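Residue numbers (the numbering used here), protein chains in the order written: chain A, 9 to 244; chain F, 1303 to 1473; chain Y, 2 to 180; chain S, 15 to 577.
The set of hints was computed from the structure by calculation and includes no laboratory data. Heads up, a few of these hints could be off.
In silico contact screen, one side only, chain A against chain S (beta carbon under 7 Å); selected entries [as the list claims (entries may be wrong)]:
(1) GLY53
(2) ALA54
(3) ARG56
(4) LEU68
(5) TYR92
(6) THR96
(7) LEU99
(8) GLU103
(9) PHE133
(10) ARG180
(11) GLY181
(12) PHE182
(13) SER184
Using 20 Å as the maximum straight-line C-alpha spacing, the simulated SDA-like pairs for lysine to any residue come out as follows [to be verified]:
(14) S/LYS347 / A/HIS75
(15) F/LYS1366 / A/THR199
(16) F/LYS1387 / S/PRO271
(17) Y/LYS141 / S/ASP515
(18) S/LYS63 / S/LYS104
(19) S/LYS104 / S/LEU118
(20) S/LYS99 / S/LEU119
(21) F/LYS1407 / S/GLY508
(22) Y/LYS141 / S/THR512
(23) A/LYS238 / A/ARG228
(24) A/LYS218 / A/PRO229
FRET-style restraints, in silico, Cβ to Cβ [what the hints assert, rightly or not]:
(25) Y/GLU71 / S/ASP551: 22 to 32 Å
(26) A/GLU234 / S/GLY346: 22 to 32 Å
(27) Y/PRO122 / S/PRO272: 58 to 68 Å
(28) S/PRO272 / A/ALA10: 47 to 57 Å
(29) A/ARG83 / Y/ASP170: 20 to 30 Å
(30) A/VAL110 / S/ARG213: 50 to 60 Å
(31) A/VAL110 / Y/VAL79: 21 to 31 Å
(32) Y/SER123 / S/ASP551: 41 to 51 Å
(33) Y/VAL79 / F/GLN1311: 56 to 66 Å
No experiment lies behind these values; they were computed from the predicted model shown. Positions of the beta carbon are idealized from the N, C-alpha and C atoms, including for glycine.
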Amino acid sequence: MAALEIFVNDRKVACESGATVLQACRAAGVNLPTLCHFKGLSEVGACRLCLVELEGSPRLAAACTLHVAPNQRIRTDTERLRRYRRMTVELLFSERNHVCSVCSANGDCELQELGYAVGMDHVRFPFLNPICNLDASKSEFAIDHNRCVLCTRCVRVCAEVEGAHNWDVQGRGFLSRIVSDLNQPWAESTTCTTCGKCIDVCPVGALWPKHKAQGQFEKRPEFVSELIAKRGRGRP
Amino acid sequence: MEPLNRASQIKTLTADDPRAARVLLEIERYRRSPDALIQVLHVAQDVFGYLSLDVLQFVGRELKLPPSHVYGVATFYHLFSLKPKAEHRVVVCTGTACQVRGAEKILEALRRGRGLTKGSPAAGGRLSLDHAHCIGACGLAPAVLIDERMQARADAGSIDGLVTAVTGVPR
Amino acid sequence: MSKKRIATVWLGGCSGCHMSLLDIDERILEVAKLADIVKSPVVDVKECPEVDICLVEGAVYAREHLEELEHLRKSSRVLVALGDCAVNGNVPAMRNRVGLQAALERAYRAFETGDGAGPVPSVGVTALLERVTPLHAHVKVDYFLPGCPPSADLIHFVLVELLHDRVPDLASGAKLKYG
Amino acid sequence: MNVAEWEARAAAARERMAASGTRVCVCSGASCMVSGGDAVLEATEKAVKSAGLEGSARVVKVGCMGTCSQGPLVRLDPDGVVYQKMDASKAGRVIDKHLKNKALLRESLLFAGPAEPGVERPSEHPFYARQLQVVLEHCGRINPEDIDEYLAVGGYRALYKALSSMSPEEVIGEVKMSGLRGRGGAGFPTGLKWETAYRHVADHKYVVCNGDEGDPGAFMDRAVMEGDPQRILEGMAIAAYAVGADRGFIYVRGEFPPLAIRRLGIAIEQARAAGLLGRNILETGFNFDIEIRIGAGAYVCGEETALLISIEGRRGVPRPRPPFPAESGLWGKPTLLNNVETYAGVAPIIERGGEWYSTIGTAKSMGTKVFALAGAINRTGLIEVPMGITLREIIYDIGGGIPGGRRFKAAQTGGPVGGCIPEQYLDVRVDYESLVGLGSMMGSGGLIVMDDTTCMVNLARYFMEFCMDESCGKCVPCRVGTRQMHLLLSRICGGEGTERDLALLEELAPYCREASLCGLGQGAPNTLMSTLRHFRDEYLVHIREKRCPAGECAMAGAPAGVR
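Build the full structure now, drawing on both the sequences and the hints.
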């Protein structure tokens, strides 16, 4: 593919046409926070953490879904972007019931890492404390909606890589929830193959292996990315 | 958040149920294309009255769509109802034109008068109260639909009596 | 310079943060040179006098916490939320999603063991608030130390910085730890 | 049907219309129908028969005539006299008195009221005189369920002109010269959009009409679909010829009264039967067919990518742009997507030329705009005015001012993602740029007038609740942002708001507007920001004095826990 150049924080960066700005930035060592992005899965641009400023456009754009174009000028680290990234993480913490001290993913959680990265020492918004279920019917795994951040990685890996499409999003807006089949217990699923890929890609403690306690998580997200690459079907 | 559905609740529908046959006809009309899911669900809701789990499973299997995909679509759009509708339905329009003409007070009057909460049927499931974002009669604001009959320029005082008159369901 | 005055208070918490405070071990001597702890669970004083630094552990889940917090805010120059309960409600706030009545019902009436349902106590117990909230929902909090408990090193670092009138740099994230 | 047959049929229809003597037009828009219009239709037909006037009078069902608050309406053409608030018995008296005895039924004349006499010549009354009807020129005058009446008034001439004597580039050139901009709300230049769709080569291309009209208080598109559906089909066919598409969809809102969907269905059937839709249109070799897709209740599906995904049978969740639909839309193919009103303006532009259209309106916002006037206003209804008219003229001259002697407070345009315009800007010229400049937007045309009984804080809470309910839930700033802003606004309305809540609101609003993925999230804080800008003192009174100046907010207390 043809190579082209874009400017990231006034630094020239070479990249391939067709690549996303996120890929170009990562290749050039520029750090951009992400959550719904997962190497190899389709991009949805949902969490808005990888927003960048694009010279010549008043709107912010998500780097994961913005494709590179010749002499694009991108800013990835302005005061406004830092403020908005912190607000996005605060809103995520305020949306459901994230109690790190009693969570099995404590210490293995991308949401915690994002909190540290944006310097979030507290959440300014009132906690919404919605009622969420926990489905532990499956013998190997459990899903706890109190910890879900609706990044839909599980939906995408199950549909695009495993091909089972056990998970999908039901409802709308704040009431959206991840469901198995017709909102049935996971154990009764007619589509799940118990492959565990959704466990590996879940960035937080929503999908976790039952037999693992806090600190014993061995999630292998990179394994899924390699599998996708090996199969050649996924996007790089 | 409602409790999980159990497989035991779901009955398998076949084409010898005339309603299912009508839905199958619609599916054939769209040459079984999975993109016709929403149009098929419209017909299914008209024919069955609401989208039960049996109907969702049936439509999903006929269109070769994963059940979670069908459930996701059916619960995204608020015209699709997964619960049986009450015998009588009152819909208070809370569109902007009706809102500035006192729709909220009408909704409040009905809620207090009949102990109804939005969307859930009361009075033994015979009457449900719901609010719509706009029912398209802005010139007659505030408008209320009582069993598909439009009541123009309703007011909080008389609405309760009117509902009793039209639906026959007392306070 | 004159010795500063420190108060440590424990509202709706489990005292884990105070134990972590005591875990600074011998470094307490260095702190003692710079300040006196004038009010703390280990110091028997009811009213909280004027202090420079007030470390508050625990969430706000009872009416008395609210009253004491308002009083602490007025009487302390710098107010620090110590630990996850004070910073975001943590475990005490887990009852918010079902509400106070359901929590009491589950605790006193619907438990499986024991000889059956007992009455929900109401005499001589503190009046509980419907929602459990972190400190900053009610008063202005100057510094936040998340963690359950925050590490002794972090507490020591913040104390020493504040005692030398320096602003502890927490927001850089290097020192933050939740849970 | 070939060209000769089409022209002959049109000519025959013209004679029939002219020879029918007096046309008794009964308004059959949805709001008139549901408040008794169908009974009036029957009664008028019976009255004409019993008076033995079939020879010299013909009763015709027509679309919306505009003054919805005075419905059900009957107009007698060619004299143009309009009778209001009709019912079965009054209709009989009108036929008897007006047709038989050639005298006016004064007490039922349009706008007749206790204080003012009825209007004898409505066309001279400000409500109609200040209007300039291009999109609505046939609406309310021809029978929407009879294609021949549309042919009689020159229907499909523009399509024939385009197919027979213009190249696709020339058609696009004409639309570009007209300066027509998207009537859906954002005002993107239509010609430019057509050109983009035209440039992208593909084996299939689609033309889609956005009839979702999710804004509460907006009924313009519905009135056109019910009153003149053929005009939309013709506009779509011309667009399809210009960009090279062979298949079209009309996406109609599910919650509408079923009349619009039924009328569109009849129109499509009749157009196909007449060879004006389907294969080899007018034997020019051009193929184009249209199918209806019924929405199922999601405001977000008014956003173009969500609408297309909804047509593909999936959850209407917007996707990032670019790529824009004109490059990659339905099933990845180039798709031209325009609003009902935009397509309805295409035929006159092709027939009379873009140059003529560009002379209407202002330098940057050309042409006319259809507004749905509602709320605290005397004459609610459907109007079409040239761009550049002032808000004062719309509200006072056309709309007849505020009822009940109350004072004007603000006009709300652009629906839930629009904004409020206070009294000091009543003389603003209504066009795209100036409305955006005031923190509102043109929007699809809903214009809600509010008097001093409306609390602006509660209005902001009401619109935030709407956006919260209609958010698709995909992106964090909108899904959680609208929820938090609604919670904060509810506390303020409930008398529990603090200055800190106001500060949080003022941080969340720009964040939600700039970080959200689609127009819903980007527009959700608009009403909040415009009411903060123009009515900030009301917020402070709610917070500091725990009082609602307009007396609308019950200061009992905000909702305790949030479910």
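* Asked: Going back to the hint list, which numbers does this structure go against?
  -> Per hint list: zero violations.
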